[in-house]
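Novice: In case you want the letters, here they are:
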Amino acid sequence: MGDSQYSFSLTTFSPSGKLVQIEYALTAVSAGQTSLGIKASNGVVIATEKKLPSILVDENSVHKIQLLTPNIGVAYSGMGPDSRVLVRKSRKQAQQYKRLYNEPIPLSQLVRETAVVMQEFTQSGGVRPFGVSLLVAGFDDNGPQLYQVDPSGSYFSWKASAIGKNVSNAKTFLEKRYTDDMELEDAIHTAILTLKEGFEGQISGKNIEIGIVDASRKFRVLTPAEVDDYLAEVE
Amino acid sequence: MSITSYNGSALIAMVGKNCFAIASDRRLGVQFQTIATDFQRIFEIHETLYVGLSGLATDVQTMYQRLKFRHKLYNLREERNMRPETFASLVSAMLYEKRFGPYFCEPIIAGLNEDGTPFICTTDLIGAKQLSKDFVVSGTASESLYGACESMYKPNLEPEELFETISQALLSSVDRDCISGWGGIVHVVSADQVITRTLKGRMD
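Going down the list, the protein sequences come from chains A and B. The numbering of the first sequence is UniProt numbering, which starts it at 1 and goes up by one. The numbering of the second sequence is UniProt numbering, which starts it at 1 and goes up by one.
Honestly, the hints are just simulated from the structure, not real lab data. Source: prediction; values computed, not measured. Treat the hints with care, since some could be wrong.
EDC-like mimics (lysine to aspartate or glutamate), calculated; alpha carbons at most 16 Å apart, straight line [as the list claims (entries may be wrong)]:
1. K176/A with E200/A
2. K17/B with D115/B
3. K92/A with E59/A
4. K98/A with E78/B
5. K98/A with E85/B
6. K171/A with D141/A
So here's chain A without its partners, still in its complex pose (with noise of 0.2 Å):
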């Protein structure tokens, strides 16, 4: 990719000093579906909408939510097969990783790994950013943290935060409801309400996805039963 007749960067720099191929990838990403994370004392909690483009699509065999290694999952905003991609690669870091030492990649590594093939991707000759945010959930040796990477590269690690559509109005949500000290099962009737707010039609388990990662380590994806039996203690 990027060799050959497509030597050169199609991402350049605008007078003004801006990479406009990211400003646009971000703008993507805003129009995205609303994803978030809490961090919480003892877990974490990743969240995101699945509003699928017709009520025939099965919506059992659509995941948004991803493992990528049993103690890390990721989330996305933005385009969902530039979300596949950077899933499959960076599955197959942390898969390299755990030959080399006979360990787990820690999650800090891993989504610094995954930012740097996004960042190449601003520079290498031939291609595009990707249309994606992700939120990288996962507990390992350092505790639960939740990561965001962006179309530029850029990775930050957050107590808690919303990408996507509705991303202002999520964001002060999340600040005026969250603590130090919350317990991840405060975290995921927070992550709940904070959906709800921005949702357009009737929330259930049907239309979002809940993962969750708590002391155990083990990442999972909540069934929709499960998420209706929250919805429900949310009301």
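Got chain A sorted already, so can you dock chain B onto it with the hints?
Specialist: Just chain B now, with coordinates in the frame of chain A:
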């Protein structure tokens, strides 16, 4: 003449009570001619992790440089030292990369885990790891070393007793091998200190 016995070497690592000892001979030879009597085979990777490399001297040096490089980068990225088991996996992977044109060296890895328990292991020249609870040996004198360690080793020795045991095992074994010897060097590592001593044996 085998390439692994071109330079001559003898290495031992032993497990003690919350400590470990790693020792080697000091001879560097070109077949039967002795070139140096202060050759370094044991290297510190970090305060509680040491690696000893036996075999072809050029590969000993290159392997050490490559391992030091990898650990430095790891340290910068992960902002912590490598655990001994992790390092052993790294050594194994690096050796296997050269499966069909290997480094002619057989490393011994010895370190202390974060909880203070000692860890030792050895690998063959293409990375087959061999963990051990008591001792590991490597080098041209390995057969004698195995015998000496087997009879002299006792579990849960304190650092000073461990020093005596490993020194006796090393000196008696290299005396039975004409291409290793010319003294020895022993490092006894506990959580809070490292004691390094040189040994004077039969200087031949």
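Novice: Are the hints correct? Go through all of them and say.
Specialist: Structure-based check of each hint:
1. For the given pair, K176/A sits about 22 Å from E200/A by alpha-carbon distance, which is inconsistent with the 16 Å threshold.
2. Distance restraint check for K17/B and D115/B: the Cα-Cα separation of roughly 13 Å lies within the 16 Å cut-off, and the hinted pair is therefore satisfied.
3. Between K92/A and E59/A, the direct Cα distance comes to roughly 27 Å. Violation of the 16 Å bound is thereby established for this hinted pair.
4. For the hint pairing K98/A with E78/B, the CA-to-CA distance comes to about 15 Å; that is within 16 Å, so the pair holds.
5. At most 16 Å may separate the alpha-carbon atoms for a hinted pair to count; K98/A and E85/B meet this at roughly 13 Å.
6. Taken as a hint, the K171/A and D141/A pair is broken in the structure, with Cα atoms around 28 Å apart against an allowance of 16 Å.
In this structure, the hints that do not hold are numbers 1, 3 and 6, in rising order.
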